[in-house]
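**Student:** Take the given structure of chain A and dock chains B, C and D to it, following the hints.
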Amino acid sequence: MDSLIPLFVIVPLGTAFLMAIFGRVIKGFNKVLLPLSLLFLCYLVIRFMLKETGVSVYKVGGFEPVNGIPIAIYMIIDGLSKFMLLIISTIGFISSFYAISYISKFTAERKFFILFSLMIAGMNGIVISGDIFNIFVFLEIAAISSYALVAFGVEKQELEASFKYQILSGVASIVILLSIGFIYWQTGTLNIADISSVLPYKGVFTKFVAILFIVGFGLKAAMFPFHSWLPDAHSSAPSPISAMLSGVFIKAVGLYVIFRLFFNMFAFSYELSFMIAILGTLSMIVGVLLAIGQWDIKRLLAYHSISQMGYVVMAIGIGMTILSNNGNKTVAAFSIFGGLYHLINHSVFKSLLFLNAGSIEYSTGTRNLRKLGGLASVMPITSTSSFIASMSISGIPPFNGFFSKLIIIIAAVQARYYFFALMAVIVSIITLGSFLKIQKYAFYNKDKSNWEGKNIKESPFSMSFAMIILAVLCLGLSLFLIPTLKNVILNPAVDVLINGLKYSMAVIGY
Amino acid sequence: MEIYLVILLVLMILGSLYSLNARDLLSAVISYGIVGFGLVICFLILQAPDLAIVQIVVEVITLIIMIAVIKNTTRDEIKKQTNYKAAVNFLMIVIFALVFFYVFDMITGALTSFGDHFTRMSTAYIAGARETGSANLVTGVIFDFRAYDTLGEATVLFTAVIGILTILRIKGRKK
Amino acid sequence: MILFVLCLILFIIGLYGVVTKRNLIKIILGIAIMEYSVNLFFILIGYVKGATAPILGKAFPKGPFVDPLPQAMILTAIVIGLATTALLLAVAIRLYRKYGTFDIRKINSLKG
Amino acid sequence: MKGMTIIVKKITQIVAPLIFVYGIYIVIHGHLSPGGGFAGGVIMAGAFILQILANGSILSKLRKQESGLEFLESAAILGFLIIAGLGLLISSSLTFFFNFLSKGTIGKLISAGVIPIENVVVGLEVCAAITTIFIALAVFEKEEKE
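Chains as they are written, first to last, in our numbering: chain A, 1 to 510; chain B, 1 to 175; chain C, 1 to 112; chain D, 1 to 146.
Chain A extracted, bound-state conformation (with noise of 0.2 angstroms):
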């Protein structure tokens, strides 16, 4: 089982190379090798989290610790990673069945579907790395294909907002790198779970790091002071890639770095734990704020998922200050157990939001909302998905979104921060009214004068399949508090970052 773990990147990368050379040859050849590739992966992922309930380890090339060093560059699958694999390719592959159809209104389709891949490639690699360096070229990887995914459409808007995106994040590569180089100079190696168990507790050098850490991840998670690239960004990328972006590539290539890295190699201290729930607190009212005033649907979208990812790290983020207090254990791993959870609601019903607003630009040609109204009647799907997905992110029972939230709160209760659980309540009935004015705008009015004598159709098969699946695990995602599948899917995540020590004992056994 351990063996197969390398094909989490030979398969993505394997499937771009293909379709690179067989894609201009043979006829559709993309649009059925890449689904098709990420549907083995959903498959391999979900082996995984049946057969393997500890930490897998392999080491490229078979090289074996010396003087119990380890020298191999690892792959590590564990709780968290087989959470975030579970992700990136479910999404991935929603993502890849609409884009069959959406992507014929643009040209070079095949250039779109190898970036897509390589895109996979990249966070996987983060994903199951367990060398700080392989992270860094693997988020090279990622990040460089989002440039040009995010300039897919080669207008004036999308050129500049990859422009920008890619000169903060260009930035954010090099501090990343440069802490690295820090890391290196201390401790003489990469292996994370070997600087680890070198790497001194307290002192200067390990903060400084850590906040450089923070920058160079937080840039690429558009974090609150971080966060001017996003909604640009992802709004104007094609629909499915801001799917992608949104729903999971900030998560993989941003938090689940910061994640990893701070508590498994980290041992963190309460101040940074307490910065990083203010700076999680402040996204998610920054971002709610910002959105309120816009017109555009994907920006609205976008600003929402600076707010949303918010929740996550203040979650998080409180979890941690638990930690680091040595408080009570239970309500540290139940506020993480949020996070998580909302993480993975996030990436579903943000998602569908993206898909739902991609199929209506397709359909009728604008994102602007005052242009649009009463698409309920022409539009069956759509509406419906898109209703789903507004009730799901403004936290209304019994959609997924109302009970991640609703335990993020307890859980801020119960850790004594009445503030934070305060602004979680506040900024969850903003969005509702910032949803409702989406839905109300978009398809419930009865203006139908701005497209009159227009012949507006449902989206095509692939694009409202798509929709429909996601609108079902929308729903389905409320049953991961059941037992079973809750002990399958987030308690092992929680547990690794509960233990976080740990780690360092199951990779290298000291």
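Honestly, I wouldn't trust all of these hints.
Footprint (simulated), chain D over chain C, 3 or more residues, beta carbon under 8 angstroms [what the hints assert, rightly or not]:
#1 44-57
#2 87-98
Computed Cβ-Cβ distance ranges for the label pairs, DEER-style [as the list claims (entries may be wrong)]:
#3 A/Tyr418 with B/Val6: 54 to 60 angstroms
#4 B/Leu26 with A/Ile468: 55 to 61 angstroms
#5 D/Tyr25 with B/Lys171: 41 to 47 angstroms
#6 D/Tyr25 with C/Arg97: 39 to 45 angstroms
#7 B/Tyr4 with A/Glu155: 49 to 55 angstroms
#8 D/Thr5 with B/Tyr4: 36 to 42 angstroms
#9 C/Pro64 with B/Val6: 20 to 26 angstroms
#10 C/Val5 with A/Ser104: 51 to 57 angstroms
If you are wondering where the hints come from, they were derived from the structure by calculation, not from laboratory data. These figures come from a predicted structure and were not determined experimentally. Even glycine gets a Cβ: it sits at the ideal position worked out from N, Cα and C.
**Tutor:** Same frame as chain A, but now just chains B, C and D:
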């Protein structure tokens, strides 16, 4: 030997400052070459011939590409306007630099000084040269011990090529 | 330590270029300078006094070697830097065709 | 682009093949002396770029998507992945990136197992990639006008 490096680095810093403040884009790009070629000599002094070769050819290609871009567009720098925003940005950078170097000064105690590097992971890479059979240890590391990184690196280049071809399409959408 | 400080000054200068310059090409140069300074930083870390280049063979002495791992990492980083710079230039040339200028403040069709 | 004077063209005709051969040398001796797939690949690309710059007439015939180059690049990097994957299939412990050929003696041209092969594959990939990047950026202007 350290003194040569210091002189080179000062030269590189002056080159980079001139490059960023030049009134003409072509001279900006050419003085940027000072930084790149200075780096080549630094690599040679620091016993990294592999990197020196790669850096010199990459620098030449980068300069050619940049000059090709400037030749196809414009050489003129934007007219300077002093406004408060630029001043604020400049001040921010200065403050950032001060804080950065203050903290850097604090942490240097925890780090080995120049030339006293100790190896942990790469002890085995040096000792295990026979295992790879490669006389060039750097090649041994990039193609054997850490070949997986190299696969990623080659993929980055592949991605960039596909991305550039994507971005330079004339028409993005079908009519 | 003076070498590390000078190297990091180069890093700050690159950052200064990215933050304060308005010309797209200058911003790209700033990013490239930052990239170079980090490359140099790694090699400075890996240097061992009196050691030789890590190559076995007749022409090369068999003394202590400098650390090959930072060199391998920077080999990777140089190529990645080339890729990012090229992609940035491609976008810059497209933007110039669309807007007729390299001024980032005139390139502002996205608002809000 | 018109290209350069006759002197430059003639000298390029002599120099470019030499640069190309030097690039091949660097690639093949990657495991013995400084250099390797990346350096050699870029040098090889440099030979092509020199030819293109000197003889403008080549540039006017080129398209942005030189399909041959793109094919070469994709095939080379697929080859790299296949070599890595072969290790997975051949070794008994299913090791990705297993060096499955005999190591030979250090310092000989044919030694170090799969490293020289990987060097050649990477060299081809880099050469094709850099040339494509240059052509794409240089030809873009011309294609836009058409």
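**Student:** C/Val5 and A/Ser104, beta-carbon distance inside 51 to 57 angstroms?
**Tutor:** Since the Cβ atoms of C/Val5 and A/Ser104 sit about 56 angstroms apart, the hinted range of 51 to 57 angstroms holds.
**Student:** Is 41 to 47 angstroms a correct range for the gap between the Cβ atoms of D/Tyr25 and B/Lys171?
**Tutor:** holds (43 angstroms)
**Student:** Please count how many residues of the region 87-98 of chain C have a CB within 8 angstroms of a CB from chain D and say whether that reaches 3.
**Tutor:** holds (count 4)
**Student:** Holds or violated: 39 to 45 angstroms for the Cβ distance of D/Tyr25 and C/Arg97?
**Tutor:** holds (41 angstroms)
**Student:** Do three or more residues from the region 44-57 of chain C put their C-beta atoms closer than 8 angstroms to C-beta atoms of chain D?
**Tutor:** With 4 residues in contact (Cβ-Cβ under 8 angstroms with chain D), the coverage given for the region 44-57 of chain C holds.
**Student:** Between C/Pro64 and B/Val6, does the beta-carbon spacing fit 20 to 26 angstroms?
**Tutor:** Distance hint for C/Pro64, B/Val6 holds at roughly 24 angstroms.
**Student:** Given a hinted range of 36 to 42 angstroms, is it respected by the beta-carbon distance of D/Thr5 and B/Tyr4?
**Tutor:** This hint holds: roughly 39 angstroms between Cβ atoms.
**Student:** Quick one: are B/Leu26 and A/Ile468 within 55 to 61 angstroms, going by C-beta?
**Tutor:** With Cβ atoms ~57 angstroms apart, the hint holds.
**Student:** For the pair B/Tyr4 and A/Glu155, does the Cβ-Cβ distance stay inside 49 to 55 angstroms?
**Tutor:** Check passed, 51 angstroms falls within 49 to 55 angstroms.
**Student:** That 54 to 60 angstroms hint for A/Tyr418 and B/Val6 (C-beta), does it hold up?
**Tutor:** Between A/Tyr418 and B/Val6, where Cβ atoms are some 56 angstroms apart, the hint holds.
Hint compliance for this structure: no hint is broken.
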